[in-house]
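Trainee: All chains should be built: construct the whole structure from the sequences, respecting the hints.
Protein chains in written order, with the UniProt record's numbering: chain S, 1 to 319; chain X, 1 to 329; chain C, 1 to 305.
A hint or two may mislead.
Claimed, not checked - Okay, the calculated beta carbon distance ranges per label pair: (1) C:ARG199 with S:THR85: 54 to 64 Å; (2) S:ARG229 with C:ARG199: 56 to 66 Å; (3) X:GLU54 with C:MET1: 32 to 42 Å; (4) X:ALA145 with S:ALA302: 39 to 49 Å; (5) S:ARG82 with X:GLY220: 47 to 57 Å; (6) C:ASP114 with S:MET269: 30 to 40 Å; (7) S:VAL184 with C:GLU267: 38 to 48 Å; (8) X:ARG262 with C:LYS184: 41 to 51 Å; (9) X:VAL244 with C:ASP114: 33 to 43 Å.
No lab work stands behind these hints: they were computed from the structure. All values reported here derive from a predicted model rather than from experimental measurement. Backbone N, C-alpha and C define an ideal beta-carbon position, used for all residues, glycine too.
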Amino acid sequence: MTEAVFRETAAEPRTQAVPLAHLSLELGHLYMEDFEAGPERLRRHFAQVVHWAEAVRGSTAAATGKRPRISTCFLIDDYFTRFSTPRELVPQLLEEAERAGLSIDYLARESGCAVADGAQVAEAVAGRLVESPPPGAYGARPPAGQTGWLANGERSPVARTPQAMKKAIPWQAPRETAARQHSVFLDVELWSERPGGGKLWSCPFLAAVWQLARLGLLRHEGQAVLTPRPHEGPFPDDWDEMPPLLQLQERAAPFAAYRTCSVLPNRFMPVEHAVRVVLDQTEVDPGALQQVAARSAGEGAAVPASVADRISYVFYAGQ
Amino acid sequence: MSPRESRDHDQGAGAVLLCGEVRTCLLPAHQALDVRAAAQLLRLRADERVLVSERPNLYARSPDALTGVDCPLPSASGAKVRAVGTVAARGALTEGRVLQTSARLSLTARGPDHRQPWGHYLVRPGLLEPFGRLPREAVAEGVLAGARRGELDVGLIADGLLTRLLRHPLLDQRPPFKSRPTRLRWTALTAGPGTDRPVIERLTLAEDELRTLALRVPSGADPAEVAALCEDLALHDWLLTTLVRLLDGSRLGSADGTAVVRALRPAVDHLLHLWMPRARLDPAFAALWDALEERPGFTRQWEALVRRIRDQLALHAIPALHQEAVMAP
Amino acid sequence: MLVFAASDKGGTGRSVTSANLAYQRALLGDHVAYVDFDFGSPTAAAVFDVPGAIRGIQENGLHSYLEGETNEPAKIDVWRQTEHPVLRNRPNQAGRLVLFPGNISGGEFATDDDTLERCVDLLLRLNTEFDLIVVDLSAGRSYAMDMVLAATAHPRMRHVPFRWLVFHRWTRQHVIAAAGLVHKDHGILDCGAGHGHDREALRGHIRFVRAAVPDPESPLWSQVTPAQAAWMQACDEALRRLASDNRIGDSVVLGIVPLEPILQWREQLITEEDVLSKQIANKETLEALEEIARRLTDDACWGRP
Numbered sequence: 001m002t003e004a005v006f007r008e009t010a011a012e013p014r015t016q017a018v019p020l021a022h023l024s025l026e027l028g029h030l031y032m033e034d035f036e037a038g039p040e041r042l043r044r045h046f047a048q049v050v051h052w053a054e055a056v057r058g059s060t061a062a063a064t065g066k067r068p069r070i071s072t073c074f075l076i077d078d079y080f081t082r083f084s085t086p087r088e089l090v091p092q093l094l095e096e097a098e099r100a101g102l103s104i105d106y107l108a109r110e111s112g113c114a115v116a117d118g119a120q121v122a123e124a125v126a127g128r129l130v131e132s133p134p135p136g137a138y139g140a141r142p143p144a145g146q147t148g149w150l151a152n153g154e155r156s157p158v159a160r161t162p163q164a165m166k167k168a169i170p171w172q173a174p175r176e177t178a179a180r181q182h183s184v185f186l187d188v189e190l191w192s193e194r195p196g197g198g199k200l201w202s203c204p205f206l207a208a209v210w211q212l213a214r215l216g217l218l219r220h221e222g223q224a225v226l227t228p229r230p231h232e233g234p235f236p237d238d239w240d241e242m243p244p245l246l247q248l249q250e251r252a253a254p255f256a257a258y259r260t261c262s263v264l265p266n267r268f269m270p271v272e273h274a275v276r277v278v279l280d281q282t283e284v285d286p287g288a289l290q291q292v293a294a295r296s297a298g299e300g301a302a303v304p305a306s307v308a309d310r311i312s313y314v315f316y317a318g319q
Numbered sequence: 001m002s003p004r005e006s007r008d009h010d011q012g013a014g015a016v017l018l019c020g021e022v023r024t025c026l027l028p029a030h031q032a033l034d035v036r037a038a039a040q041l042l043r044l045r046a047d048e049r050v051l052v053s054e055r056p057n058l059y060a061r062s063p064d065a066l067t068g069v070d071c072p073l074p075s076a077s078g079a080k081v082r083a084v085g086t087v088a089a090r091g092a093l094t095e096g097r098v099l100q101t102s103a104r105l106s107l108t109a110r111g112p113d114h115r116q117p118w119g120h121y122l123v124r125p126g127l128l129e130p131f132g133r134l135p136r137e138a139v140a141e142g143v144l145a146g147a148r149r150g151e152l153d154v155g156l157i158a159d160g161l162l163t164r165l166l167r168h169p170l171l172d173q174r175p176p177f178k179s180r181p182t183r184l185r186w187t188a189l190t191a192g193p194g195t196d197r198p199v200i201e202r203l204t205l206a207e208d209e210l211r212t213l214a215l216r217v218p219s220g221a222d223p224a225e226v227a228a229l230c231e232d233l234a235l236h237d238w239l240l241t242t243l244v245r246l247l248d249g250s251r252l253g254s255a256d257g258t259a260v261v262r263a264l265r266p267a268v269d270h271l272l273h274l275w276m277p278r279a280r281l282d283p284a285f286a287a288l289w290d291a292l293e294e295r296p297g298f299t300r301q302w303e304a305l306v307r308r309i310r311d312q313l314a315l316h317a318i319p320a321l322h323q324e325a326v327m328a329p
Numbered sequence: 001m002l003v004f005a006a007s008d009k010g011g012t013g014r015s016v017t018s019a020n021l022a023y024q025r026a027l028l029g030d031h032v033a034y035v036d037f038d039f040g041s042p043t044a045a046a047v048f049d050v051p052g053a054i055r056g057i058q059e060n061g062l063h064s065y066l067e068g069e070t071n072e073p074a075k076i077d078v079w080r081q082t083e084h085p086v087l088r089n090r091p092n093q094a095g096r097l098v099l100f101p102g103n104i105s106g107g108e109f110a111t112d113d114d115t116l117e118r119c120v121d122l123l124l125r126l127n128t129e130f131d132l133i134v135v136d137l138s139a140g141r142s143y144a145m146d147m148v149l150a151a152t153a154h155p156r157m158r159h160v161p162f163r164w165l166v167f168h169r170w171t172r173q174h175v176i177a178a179a180g181l182v183h184k185d186h187g188i189l190d191c192g193a194g195h196g197h198d199r200e201a202l203r204g205h206i207r208f209v210r211a212a213v214p215d216p217e218s219p220l221w222s223q224v225t226p227a228q229a230a231w232m233q234a235c236d237e238a239l240r241r242l243a244s245d246n247r248i249g250d251s252v253v254l255g256i257v258p259l260e261p262i263l264q265w266r267e268q269l270i271t272e273e274d275v276l277s278k279q280i281a282n283k284e285t286l287e288a289l290e291e292i293a294r295r296l297t298d299d300a301c302w303g304r305p
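Mentor: So this is what it looks like as structure tokens:
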């Protein structure tokens, strides 16, 4: 009896399911410098992307063995710098994509990866970081996320002043935990403190959140977050009035997907390496994880167990 | 059944040894926390709700927080077995007054003899895989005996979470009376197919702060439910221990009635209403309480202590009579 | 309550006297923790006669705890683990007496924000458990002193009462040094104010203990010549004036511990047995310690009504 009462009053974790496509194909990120470089830059970008996008579609069709559900998306930075307005920028963006023969199904604002519809999305993901333990870690290390940095291995020991009359420890190399022979050690800044207090999330960290959103693995108290809202009427004059994730094509495949692919210029490579370091050490919502695993397996398109292995890239030469 | 629970359940199926440690202490706050404040304290993750329940008593429990480990396991035989995986820890607050943190893990019978990519362990929260075969009896004994430096120390993880919670700005650090924290270290070996109910094999009050509990549970038992049993035991053992100490320090029988009242008052204000064994346990585990009620008789002792406190307070509430009695030849 | 034991110079008997105060309070029924923050010379184990128990504490003493190498500092239950034959029989109704030792052969170390947070964690946890926490600090201006001044000014510690005892011997040099430690540049008040303490309030929390004070009335000096006695009297007068001029006069003295061979040579706890049956310690010394122990929590001695 008591147990039944407990189950009713307690907020039992229940996980909302989201519709899933086979692939979420990202057609690009737009930062202020891209915008300032004029429409030619976008034009050149889409002209490159269209070829790779075709290749990715072909490869996905071959892997699934049928007509795959593929949705496309595009991310605009309104978090680090605010520029232009949706009313001015979005039609221009869509026009350039269309000119190249591409259709953007979903448009996202980067600040939606920090906070979306009142949910602290980035904060939540930060709370789910579970550092990969270097050999020898027996429980004494503090959990991740206290310093604002996340590494893929063991840092060099900090040269702190030793106890009086004890020898200082000589420099030691950092070590990547999953290294084979030699290390590629990476230490990622997840956030910095804003001058007025609060966290300023780093670009790689928000990019990791963005990947989780596209993989359908973000939940807030079991509810889906960053769910797409249909586009109606003209685009607003203020970014804040635009939904964090906007559905532009009514008949598009679902936004979230079993796997993701992003076509980006190769200057994004360091950021995406950092994304992998973050995803490798994020315990995603187990309910969401299970739903995706079950559904993909049911469709004969089983996903890899590791979340980081579900994402892929095409890096092309250029700006 | 929620996804999280069913998942734990699945892992339990592969596990042959579960173990953990529970830390129990008085919340260092002048006022007991209400439901909302309790939920705020225990909000370890921005996207997961704190479980709260108001029946049969006020109780709040945090979501699990994971800690990655890769180290040798403690073992009574001295065998060095390395294991990798995650330890799950959670915090709980009963009646806004008693704070607990509890860390737990499950061990599989065998595992690959090299480390897997971290993602492999992350999708198995609370599970550790040994390199090679697990000498489970020796490890179970080793865990109860306490880890040596460098070996897996599940108590450290419970303590780390406790430190984190105790730093919360909600707490004014004014505990209403002095008390000691306790720790309960536990192991549960899974029994073969013939066994369908959990058994307490040994409950030891080791030092004055440490209790050790050896259980045997059916294979496939949910580690979270086993931990819940241990948290319930730890809570009530702490209540008993704390009440005994309050009585010890109160110098009953001394003529100074106000001193006795001052010493015993916190028990009435903060402790006496907390006794509620097996309040929200899985029925299979709740049944284990019967054995403890038989011997050593937890509730019997509690009731005796409560009676004693009430008698003392009643006695000192009538100072005039009391003085007369003292002065009479 | 926290009591910090400080001294400017070594040889004041700070450690042994504060250990005796801890012992006396435990006898009165308080639960007492003795925390060895004398990082340059962590030797409290000898005072409590627990050398055997200390041997295991190479790695997890307070040095390791504060430097973040261990999360739980070692502790020693004195009644249970002492090798002192009298102490082993915990007197009825005595409170707990627990020693938190430093690492054997640990040294002074620089502190940072993390050390400070850990120090606050430790003191707060002890405060939930013990009635009295005696913290023995290194002599002179030290990292330990700076750390506890910062800790007691920390917002999390705002409700934890604390008091300071500054020990000094009854000599010109010691009087000047003790006054300097509190009042002069980079002293306790300066440093405390820097960490956010109210200077006057902090001053109100500081009292002095004069140690190893020869008592001309004591039988020890009964054989001195009249000339010597007069000279001693004059010296004593001069020291009183000096102390008063340096703002550490009688009004801020919590107690006076007589010159006592057992404290000077053996550096151990003085038990009733040492006074009564063995007669190796003076009754006056024990009484002085009992009195100071009582005054630790007597608000009247701390300028409070």
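Trainee: Give a verdict on every hint.
Mentor: Hints versus structure:
| no. | hint | result |
| --- | --- | --- |
| 1 | C:ARG199 with S:THR85: 54 to 64 Å | holds (56 Å) |
| 2 | S:ARG229 with C:ARG199: 56 to 66 Å | holds (60 Å) |
| 3 | X:GLU54 with C:MET1: 32 to 42 Å | holds (37 Å) |
| 4 | X:ALA145 with S:ALA302: 39 to 49 Å | holds (44 Å) |
| 5 | S:ARG82 with X:GLY220: 47 to 57 Å | holds (55 Å) |
| 6 | C:ASP114 with S:MET269: 30 to 40 Å | holds (35 Å) |
| 7 | S:VAL184 with C:GLU267: 38 to 48 Å | violated (57 Å) |
| 8 | X:ARG262 with C:LYS184: 41 to 51 Å | holds (43 Å) |
| 9 | X:VAL244 with C:ASP114: 33 to 43 Å | holds (37 Å) |
Hint 7 from the list above is the single one not met by this structure.
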